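Asks: From first to last, the protein sequence lines stand for chains A and B. Each residue of the first sequence is one higher than the one before, starting from 1 at the first, in this note's numbering. Each residue of the second sequence is one higher than the one before, starting from 459 at the first, in this note's numbering.
Hints were generated in silico from the structure; no laboratory data involved. Where hints are given, some of them may not hold.
[Said to hold, decoys possible] Okay, the calculated bits of chain B under chain A, using three or more residues with CB under 8 angstroms as the criterion:
1) 630-644
2) 678-685
3) 874-882
[Claimed, not checked] A short list of chain B residues far from chain A (calculated; beta carbon distances all over 12 angstroms):
4) R470
5) N474
6) A510
7) L532
8) A538
9) T566
10) T597
11) H673
12) R711
13) D869
14) S870
15) L871
16) A916
All values reported here derive from a predicted model rather than from experimental measurement. Note that beta-carbon positions come from the ideal geometry of N, C-alpha and C, so glycine has one too.
There are 2 protein chains.
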Amino acid sequence: MLDLALAYSNARREENLAALSEFLRIPSVSTLPEHAPDMQRAAQWMAAAMRAAGLTGIEIVPTAGHPLVYGEWLEAGPDAPTLLAYGHYDVQPVDPIDEWRTPPFEPTVSGENLFARGSSDDKGQAFLVLAAAAAYLQTSGRLPINFKFMVEGEEEISSPSIPAYIAEWQERLACDAVLICDSGMLDPQTPLIVYGTRGLTYMEVIVRGPAVDLHSGTFGGAVDNPFNVLTRLLAQLQDGETRQIRIPGFYDRVQALDDEEHTLLAQIPLGDQVIQHLTGVRAAAGEAGYTSVERASTRPTLDIHGVPGGFTAPGKKTVIPARAAAKVSMRLVPNQDPQEIAELFSRYLHSLAPTTVTVEVNTLGLAKPSMVDFRDPAIQAAAQAFQRGFGAQPLYMRMGGTLPIVTDFQDSLGVPVVMMGFGLPDDNLHAPNEKFHLPNFYRGIDTVIHYFSLLGAA
Amino acid sequence: MLDLALAYSNARREENLAALSEFLRIPSVSTLPEHAPDMQRAAQWMAAAMRAAGLTGIEIVPTAGHPLVYGEWLEAGPDAPTLLAYGHYDVQPVDPIDEWRTPPFEPTVSGENLFARGSSDDKGQAFLVLAAAAAYLQTSGRLPINFKFMVEGEEEISSPSIPAYIAEWQERLACDAVLICDSGMLDPQTPLIVYGTRGLTYMEVIVRGPAVDLHSGTFGGAVDNPFNVLTRLLAQLQDGETRQIRIPGFYDRVQALDDEEHTLLAQIPLGDQVIQHLTGVRAAAGEAGYTSVERASTRPTLDIHGVPGGFTAPGKKTVIPARAAAKVSMRLVPNQDPQEIAELFSRYLHSLAPTTVTVEVNTLGLAKPSMVDFRDPAIQAAAQAFQRGFGAQPLYMRMGGTLPIVTDFQDSLGVPVVMMGFGLPDDNLHAPNEKFHLPNFYRGIDTVIHYFSLLGAA
Chain A
1 MLDLALAYSN ARREENLAAL SEFLRIPSVS TLPEHAPDMQ RAAQWMAAAM RAAGLTGIEI
61 VPTAGHPLVY GEWLEAGPDA PTLLAYGHYD VQPVDPIDEW RTPPFEPTVS GENLFARGSS
121 DDKGQAFLVL AAAAAYLQTS GRLPINFKFM VEGEEEISSP SIPAYIAEWQ ERLACDAVLI
181 CDSGMLDPQT PLIVYGTRGL TYMEVIVRGP AVDLHSGTFG GAVDNPFNVL TRLLAQLQDG
241 ETRQIRIPGF YDRVQALDDE EHTLLAQIPL GDQVIQHLTG VRAAAGEAGY TSVERASTRP
301 TLDIHGVPGG FTAPGKKTVI PARAAAKVSM RLVPNQDPQE IAELFSRYLH SLAPTTVTVE
361 VNTLGLAKPS MVDFRDPAIQ AAAQAFQRGF GAQPLYMRMG GTLPIVTDFQ DSLGVPVVMM
421 GFGLPDDNLH APNEKFHLPN FYRGIDTVIH YFSLLGAA
Chain B
459 MLDLALAYSN ARREENLAAL SEFLRIPSVS TLPEHAPDMQ RAAQWMAAAM RAAGLTGIEI
519 VPTAGHPLVY GEWLEAGPDA PTLLAYGHYD VQPVDPIDEW RTPPFEPTVS GENLFARGSS
579 DDKGQAFLVL AAAAAYLQTS GRLPINFKFM VEGEEEISSP SIPAYIAEWQ ERLACDAVLI
639 CDSGMLDPQT PLIVYGTRGL TYMEVIVRGP AVDLHSGTFG GAVDNPFNVL TRLLAQLQDG
699 ETRQIRIPGF YDRVQALDDE EHTLLAQIPL GDQVIQHLTG VRAAAGEAGY TSVERASTRP
759 TLDIHGVPGG FTAPGKKTVI PARAAAKVSM RLVPNQDPQE IAELFSRYLH SLAPTTVTVE
819 VNTLGLAKPS MVDFRDPAIQ AAAQAFQRGF GAQPLYMRMG GTLPIVTDFQ DSLGVPVVMM
879 GFGLPDDNLH APNEKFHLPN FYRGIDTVIH YFSLLGAA
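Sequences are here, hints too, so could you generate the full structure?
Replies: Below, the structure written as structure tokens:
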């Protein structure tokens, strides 16, 4: 059954590339209202592809935004494990369009790469999961596991609709593991398994002083300037030497790395030199006592994104602004609670504020961190699948960014989430000239075929 | 001679109001290129008014910008003192025009006030000096002093042209004192003599980190965020408790208040409660050990005006900006040197900056502080003139703002500058509904007549 599936997938490379290219021609940009009809077309295309692959129970589910597409194959029997795969058919906008070397919605093969918006993120990766299922169903008429596939159209706009469905459809989505193919490898020879994501608490701070903007000649020195106060408050959020966050209680729930995880992460080739090379900073810097890869993935952070208000035009104006504001976010790690961190942040700033000003602290966004036990059999099976598909053991890493859907799945379904991705660091996600490395596309299909087989044999 | 002049001025109130209104109808907004012809008209109007008053040697002097107008009357003889008066015929823009209750360039009398742009700042005050000279020349054919009058058209755009003329015309402008009528009284019963102005050092700080904006999920924690660094740098400029400026050497040249000046300033009714009322702050605040009036006029300050860069739109974006900037100015007092302060500021920030970023510090503007000895006979004569014109002794105060021309006059001509103004705090300078209190206009003419007389008798 496995051999037939692998042989089928090997024989169907051109057909799979052609089908993916057809999918990529639909400009399903979720954030732009004028593409609403394309969102419908992309959802219908995915439903048809599910049907062609041999899935059943296919449904296009209308949401308040763009539709969800769902399909399944549940005939492996009650003893076989059930895998729920997740992907998304929406893509990022294409601006700046002038920087594309080929039209973003005319998929173009150049060398080993397929260039198109969505090729890697995530149409290519969603399609390869389906191609793996098809390889089984079209050869043996069955899969070694029960399979559920949910593809959404709002991932690039923060998935506003899907959490409610995940919560509501606990029975329909019940499974033993969730597979997400929407991440990347370190290089074409080095697969990566992501076993955690950081959470986020995004805050806004507003400091109000005088009722109106004042002339700094007339009143300078006699009233507190909201920008002077705000910068003093912000400076107390993080220690300048250790880069530790100084909000009382901030680290209380942070889960320490154990030796095994420490060793795992030491294998990731993302040292200070690499950080410096990738970002162009004069020198990497971060929390004392941690390596770059730990700082960027397993440790919480605090970043000031902007300080709106006041005078920002060219030239000079001697104003004491009536108000100053700041946008600040914190990346969180297990087991920090975003809401609690928002409260600690707010309490700390209020405790520091002088009585000469009014301080307002608003929460703009909250997302939970996630963590999967990398020793879980569903993850270890993924590692074996990578070994078979790419001939290499994967490295393990937590992701520095935020993927709230991971927590949504974990919390609602109580199962591990397997993040097994086939993108590459130079795939230009969210940027011009997005591409998918075609050897990764074909090996990705084989890897998922192996994954189904390994899960089914367990 | 004095009595004749006072009687003339008293009899000519309507004519003086009519003449000023004619002057105010010319929309001489120096900053707006479309008003260039109005600038010419206003200069010609002033030259004609000088001629009608009886001045001689009248000249409209073209500059790189708007013309200077000069006139004189020098027949009081070599033993009589010479006074150089300065004023400006240009005005501020009128935005927001919707907030004017009467058209800004249709002078309107309402109650005791004349509403029009420039009525107080400075056409009304420049004109009243000329009206005082006319009162003598049209009655006795002579003045008790030698008199020079220079009126510029670029004061509201920072006087780019006039310093060069002041420096070049040392002989032509030679005098025993300079009179500037471009300031105000505390209230209609309380005249004020300004005997000092603060200087200014206006800086820009730019912190550069990564080569391009980074995603805070991917790199947050592993690189220094330029905004985190910048706010730490800015917070170290001023002590949060004492509000003292922490730049090493900053206070080294600051001249301390002597007991006499301390006593003088204690009479100014500008305490914390007044500051609070005027500005709407929750509580006044400033450098420990000083009163509000001292903080706002005799002590140096540091104000952050804005922090350009980064993400400032509504909503949230998790960016580590490639650069962060700040606009910071310091008001300076005698004997601080603006250029030296710029260097101390720059050196201090560079000494604080971590090696992970590049810090660039630029000087955007420099202006010297000024101070006149309030015991100088030319100032004491002004006090006596106020007593005669308003029936009240003036208070003495230094101005918190910057008037670079004061230093230009002092440095080039080596004489005291007498700042004797007739505006009121609610005259709406630079704002809609600018007005001039007509009793102050008429008493102002009389006060200047007395001033000429007192100087001539000395």
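Asks: Evaluate the condition: distance from the CB of B/N474 to the nearest CB of chain A exceeds 12 angstroms.
Replies: Nearest chain A Cβ is 30 angstroms from B/N474, so the label holds.
Asks: Can we trust that B/S870 is non-interface, i.e. its beta-carbon lies farther than 12 angstroms from all of chain A?
Replies: B/S870 clear of chain A: closest Cβ-Cβ about 23 angstroms, beyond 12 angstroms.
Asks: Hey, does B/A538 actually stay past 12 angstroms from chain A on C-beta?
Replies: Correct as stated: the minimum Cβ-Cβ distance to chain A is 36 angstroms, above 12 angstroms.
Asks: Would you assess whether B/R711, listed as outside the interface, keeps its beta-carbon beyond 12 angstroms of every beta-carbon in chain A?
Replies: holds (17 angstroms)
Asks: If I take the minimum Cβ distance from B/H673 to any residue of chain A, is it greater than 12 angstroms?
Replies: violated (7 angstroms)
Asks: Can we confirm that no CB of chain A comes within 12 angstroms of the CB of B/D869?
Replies: holds (21 angstroms)
Asks: Could you let me know if the closest chain A CB is still more than 12 angstroms away from the CB of B/L871?
Replies: Holds: least Cβ distance 24 angstroms, greater than 12 angstroms.
Asks: Please check whether the beta-carbon of B/A510 is more than 12 angstroms away from every beta-carbon in chain A.
Replies: At roughly 36 angstroms from the nearest Cβ of chain A, B/A510 sits farther out than 12 angstroms, so the non-interface label holds.
Asks: Minimum C-beta separation from B/L532 to chain A exceeding 12 angstroms: can you confirm that?
Replies: holds (36 angstroms)
Asks: Do three or more residues of the region 874-882 of chain B come closer than 8 angstroms to chain A, measuring C-beta to C-beta?
Replies: With 0 residues in contact (Cβ-Cβ under 8 angstroms with chain A), the coverage given for the region 874-882 of chain B is violated.
Asks: Are all C-beta atoms of chain A more than 12 angstroms from that of B/R470?
Replies: holds (35 angstroms)
Asks: Closest CB-CB distance from B/A916 to chain A, is it above 12 angstroms?
Replies: holds (33 angstroms)
The earlier numbered hints that this structure contradicts are 1, 3, 11.
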